[in-house]
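Going line by line, the protein sequences match chains A, B, C and D. Going by this note's numbering, 105 is the number at position 105 of the first sequence; the sequence numbering is gapless. Going by this note's numbering, 72 is the number at position 72 of the second sequence; the sequence numbering is gapless. Going by this note's numbering, 342 is the number at position 342 of the third sequence; the sequence numbering is gapless. Going by this note's numbering, 79 is the number at position 79 of the fourth sequence; the sequence numbering is gapless.
These aren't lab readings, by the way, just hints derived from the structure by calculation. Fair warning: this is a prediction, and the values are worked out from it, not measured in the lab. Any given hint could turn out to be false.
Said to hold, decoys possible - Sample of chain A residues lacking proximity to chain C, with all beta carbon distances greater than 10 angstroms (derived): (1) 21; (2) 32; (3) 77; (4) 79; (5) 99; (6) 110.
To be verified - Straight-line Cα separation of at most 27 angstroms, BS3-like style, residue types lysine-lysine; simulated pairs: (7) A:78 to C:305; (8) C:31 to C:119; (9) A:54 to C:390; (10) A:79 to B:117; (11) C:461 to A:58; (12) D:68 to C:424.
Stated by the list, open to error - Not close to chain B: a few residues of chain D, all C-beta gaps over 10 angstroms, as computed: (13) 13; (14) 38; (15) 77; (16) 115; (17) 117; (18) 125; (19) 128; (20) 130.
Where a beta carbon is used, it is the ideal one built from N, C-alpha and C, also for glycine.
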Amino acid sequence: MLETGFGYWDAIAWIVAFIVICIVVYIIRGFGKREHRKEAEEPFFSGVELPDEKVHVKASNIYWGFIESMKGYYDVMKKMHDGIINNYISWFIFIAVLLLIILFAPEVIP
Amino acid sequence: MIWNVPFITVALLIAIGLYAVMFKRNLIKIAIGITIIESGVNLFLITLGYRKGGVAPIYTNLPSGVKVPEGMVLPVPQALTLTSIVIGVAVLALMLSFIMKMYQHNKSLDSHSRRLKG
Amino acid sequence: MIYNEAIPAILIGLPLLAAFITPIINLASRKARNAFVIAVLAIEELLIILLAWHVFTDGIVIYTMGAKNPSIVPLQAAVPIRIVLEIDGMAAFMGLISCTVAMAAGIYSIAFIKEGNGKSRYYTLLLIMLAGMLGMEFTGDLFNLFVFLEILSIASCGLIAYRQHADAVEGAFKYLVVSNIAALFVLFAIALFYAQYDLLNIAAIAKVMQYTQLDKIALVLLVAAFAMKCGAVPMHFWAPDSYSTAPAAITAMLVAASQASLYALFRVCFTLYGSLMDYQTIGLAIIIFGLLSMFIGVTMALPQKDIKRLMAYHAISQTGYMLLGVGVGLYLLGSSDFNVYGIKAMEGGIFHIINHAMYKGLLFLTAGAIYYRLGTRNLNEMGGLGHTMKFTSIFFIIGALAIAGIPPFNGFASKLLIYEACYKVSPILSIVAMLVSVLTLASFIKVFHSAFMGPKMHDVKEVPKSMLIGMAVLTFVIIFFGLFPGWVVSHIVHPAVMALVDKTAYINAVMGG
Amino acid sequence: MNDETNDGRMSIIVRTIATMMLPFILIFSFYVIMHGHLTPGGGFQGGAIAASAIVMMIAAYGHKMMEKRISEDGLSMVESVGATIFAVVAFIGVIMAASFMYNFLVGTPLFGETPPFGSNPGILNSGGVLPILNIAVGMKVIGGLAAVVLIMALAGDEEGDKK
Numbered sequence: 001m002l003e004t005g006f007g008y009w010d011a012i013a014w015i016v017a018f019i020v021i022c023i024v025v026y027i028i029r030g031f032g033k034r035e036h037r038k039e040a041e042e043p044f045f046s047g048v049e050l051p052d053e054k055v056h057v058k059a060s061n062i063y064w065g066f067i068e069s070m071k072g073y074y075d076v077m078k079k080m081h082d083g084i085i086n087n088y089i090s091w092f093i094f095i096a097v098l099l100l101i102i103l104f105a106p107e108v109i110p
Numbered sequence: 001m002i003w004n005v006p007f008i009t010v011a012l013l014i015a016i017g018l019y020a021v022m023f024k025r026n027l028i029k030i031a032i033g034i035t036i037i038e039s040g041v042n043l044f045l046i047t048l049g050y051r052k053g054g055v056a057p058i059y060t061n062l063p064s065g066v067k068v069p070e071g072m073v074l075p076v077p078q079a080l081t082l083t084s085i086v087i088g089v090a091v092l093a094l095m096l097s098f099i100m101k102m103y104q105h106n107k108s109l110d111s112h113s114r115r116l117k118g
Numbered sequence: 001m002i003y004n005e006a007i008p009a010i011l012i013g014l015p016l017l018a019a020f021i022t023p024i025i026n027l028a029s030r031k032a033r034n035a036f037v038i039a040v041l042a043i044e045e046l047l048i049i050l051l052a053w054h055v056f057t058d059g060i061v062i063y064t065m066g067a068k069n070p071s072i073v074p075l076q077a078a079v080p081i082r083i084v085l086e087i088d089g090m091a092a093f094m095g096l097i098s099c100t101v102a103m104a105a106g107i108y109s110i111a112f113i114k115e116g117n118g119k120s121r122y123y124t125l126l127l128i129m130l131a132g133m134l135g136m137e138f139t140g141d142l143f144n145l146f147v148f149l150e151i152l153s154i155a156s157c158g159l160i161a162y163r164q165h166a167d168a169v170e171g172a173f174k175y176l177v178v179s180n181i182a183a184l185f186v187l188f189a190i191a192l193f194y195a196q197y198d199l200l201n202i203a204a205i206a207k208v209m210q211y212t213q214l215d216k217i218a219l220v221l222l223v224a225a226f227a228m229k230c231g232a233v234p235m236h237f238w239a240p241d242s243y244s245t246a247p248a249a250i251t252a253m254l255v256a257a258s259q260a261s262l263y264a265l266f267r268v269c270f271t272l273y274g275s276l277m278d279y280q281t282i283g284l285a286i287i288i289f290g291l292l293s294m295f296i297g298v299t300m301a302l303p304q305k306d307i308k309r310l311m312a313y314h315a316i317s318q319t320g321y322m323l324l325g326v327g328v329g330l331y332l333l334g335s336s337d338f339n340v341y342g343i344k345a346m347e348g349g350i351f352h353i354i355n356h357a358m359y360k361g362l363l364f365l366t367a368g369a370i371y372y373r374l375g376t377r378n379l380n381e382m383g384g385l386g387h388t389m390k391f392t393s394i395f396f397i398i399g400a401l402a403i404a405g406i407p408p409f410n411g412f413a414s415k416l417l418i419y420e421a422c423y424k425v426s427p428i429l430s431i432v433a434m435l436v437s438v439l440t441l442a443s444f445i446k447v448f449h450s451a452f453m454g455p456k457m458h459d460v461k462e463v464p465k466s467m468l469i470g471m472a473v474l475t476f477v478i479i480f481f482g483l484f485p486g487w488v489v490s491h492i493v494h495p496a497v498m499a500l501v502d503k504t505a506y507i508n509a510v511m512g513g
Numbered sequence: 001m002n003d004e005t006n007d008g009r010m011s012i013i014v015r016t017i018a019t020m021m022l023p024f025i026l027i028f029s030f031y032v033i034m035h036g037h038l039t040p041g042g043g044f045q046g047g048a049i050a051a052s053a054i055v056m057m058i059a060a061y062g063h064k065m066m067e068k069r070i071s072e073d074g075l076s077m078v079e080s081v082g083a084t085i086f087a088v089v090a091f092i093g094v095i096m097a098a099s100f101m102y103n104f105l106v107g108t109p110l111f112g113e114t115p116p117f118g119s120n121p122g123i124l125n126s127g128g129v130l131p132i133l134n135i136a137v138g139m140k141v142i143g144g145l146a147a148v149v150l151i152m153a154l155a156g157d158e159e160g161d162k163k
């Protein structure tokens, strides 16, 4: 039992509930008509005819749309992650100077 | 005033070293830059332990008339510097061997001819 | 037991001793060398459990190097002489992580690293790396911290470049440059402390700390350097480069190593400065580091094609959760809200450290298993591995669900604590954290789909037993933590958080009442 | 220096002088190591001097010649033995129920004497475990630095094994 400040979390109770719900779902599934399963073997997809051989989607094609729609963001990020060691250190110095300015600003500007 | 010279040198050394690491594209020059920063930090440590007119902190070599321990320089920063130098030697050796390997693979010492990015 | 009080020294000394005996045993036989290394790692695990139990029940353990009676610190005019090891709850907690990951990595490496001229050196460096991590976590002396930081980074660089590919050497070089610059800045900050207080002991400096201008500069240098070493955005660029090119077992170790730097960052913020500094400014800075790390890490992970590079970006993103949780705690340090949900946020952040070490270690090990069989890290060339590598895919599913924060695995418990505690500070923090969690799940679905699902493309076998045992060790810990998060938080994480917050106890343990 | 014909050897003058200097440099390095607890110096400095003697021989005779005399594995073994001695000495303190790195040799016939206070030449037979640790560090530094230089010299013409 894990107190979170708002409520609590108990993994064992969650698993018990999960199993109970699974059993209930299975029982409800049992009420269905038996004849219906035969028809379900050939699912209907509108428009496209499913190819027979199995197709494996390559990793670079997954989330193509997401990456394409955020192209502006990713272009900036690609530019940042340029892999040049000089820039790694420059970022570090930049952050150190920025922290220094933030920490000393209240004293300089009253 | 004159006693500030070592500290000014420390600042200069660190600045020069950082300049080399940040703006020089040659990998060997980056290694040199790191060594210069390290020299700056070591000089800073040594300067902290110095006392005006102090002698080396070895009891058995003490010249006569030196007060103990006021007349000696602080030994702790020297021990720290020595440790730091030893570590620096190891880092420099490792860094140069990496640079050699990278040169064998890439035939270039340019930091922009990298393989890993994105 | 008479050697009971010597456990901290044995924990650091034994890997160092074993590291240099390993090449000598290697002359006799390779099997004996493997057995020796695994025995040493198992003893380390046993000892750290004993020590952690001791710390969590009886409080801070002190060990003075080279003294007649190590449990008493010799004080001379309020200056502690000799190097002191000081193990409080947080240090013991981090030690548990390091030893567990090292044991899994050591077992995994028996089959994973091909026999050859350098394998005894591989184990030597692995043991030195463990000693460096434990030293960083246990030491009560700032200069000693610097020395162990350098030992750790040099050993890690040697291991990253172990295979001597062009990529591996480049990753190692970048890591070496970055960690050496960070270490030099740490040394400079230590020199600033020494200049003002003539002290190197953390507890002694914390006692006399004035928060002068020089202390502020030292604070900035330490925070920036350790944040870079633990891979916080925007100083994270080295992490994907070196994580992706190292051998997989070493990448799991590197995760634990960067968490040792995270520990040093927290130690500096809470113990060395504590409520003396502008804790709200620094806390806010750490929260911003955390948010940036979470978001940029996970979005950069999505389009990656290299499996280990993808996981490395996730490591950055998960580090953001820890920074967020503990940053919220630091931000609230002085206020009355701290006891209500500041501690809860810190519990979440600290609990996430151990969870992350376990499941990210496991995920890197499964990536190594794929590399071991296919010889590639490119996701486009994978597919259908689930048909033959059944255990590996089960381990991968467990790791992926845990990292995405799906109940009932351990990632969910720590993320829940962070979400709820951060919601009180600002709902935006929780929303970003949840969004990142969703994107994490999305990108691991991508990995699972492209590596394990699909038609059978490669004729491969399951990986050797020792690699499976290495992964199983971490899986066991994940499931245990997932099932009993309440017990873990109240018995391990809460003492660690209280040790971090309670600055006076840390000081008094060395300096006396 | 004509590399093509002589395998990187330097002229006979250099080689003779280097051979003559070698024992003196080594003796000086042993002096620095052994007197580490009395005078400035110690294991690292002495080891570096000895390693520089090996570097001098590599420069004078060429690395191909030196490779036959000193093997990299031998140097690594010297390094391992040195480090092992260091760690074992540190652990003896734990076994004696004192602490890690405890100076257990004080008061024993071996390195156990206490030097008098004030200005004096010092007593070699003092310092407890420090001379032993200096010797161990010296071995490690000789092995390590010489191996690094040898490997770097070798890596020029073949795929040498990295440290």
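Comparing the hints with the structure gives:
1. 21: 13 angstroms, holds
2. 32: Nearest chain C Cβ is 28 angstroms from residue 32 of chain A, so the label holds.
3. 77: 6 angstroms, violated
4. 79: Residue 79 of chain A is indeed farther than 10 angstroms from all Cβ atoms of chain C, at 12 angstroms.
5. 99: 5 angstroms, violated
6. 110: 15 angstroms, holds
7. A:78 to C:305: Holds - the C-alpha atoms of residue 305 of chain C and residue 78 of chain A are around 14 angstroms apart, at most 27 angstroms.
8. C:31 to C:119: 12 angstroms, holds
9. A:54 to C:390: Answer holds: residue 54 of chain A to residue 390 of chain C is near 20 angstroms, not above 27 angstroms.
10. A:79 to B:117: 10 angstroms, holds
11. C:461 to A:58: Distance ~22 angstroms between residue 461 of chain C and residue 58 of chain A Cα, so the pair holds.
12. D:68 to C:424: 71 angstroms, violated
13. 13: 30 angstroms, holds
14. 38: 7 angstroms, violated
15. 77: 19 angstroms, holds
16. 115: 6 angstroms, violated
17. 117: 7 angstroms, violated
18. 125: With a cut-off of 10 angstroms, residue 125 of chain D remains clear of chain B, as the shortest Cβ separation is near 14 angstroms.
19. 128: Since the minimum Cβ distance to chain B is about 16 angstroms, residue 128 of chain D lies beyond 10 angstroms and the statement holds.
20. 130: 13 angstroms, holds
The earlier numbered hints that this structure contradicts are 3, 5, 12, 14, 16, 17.
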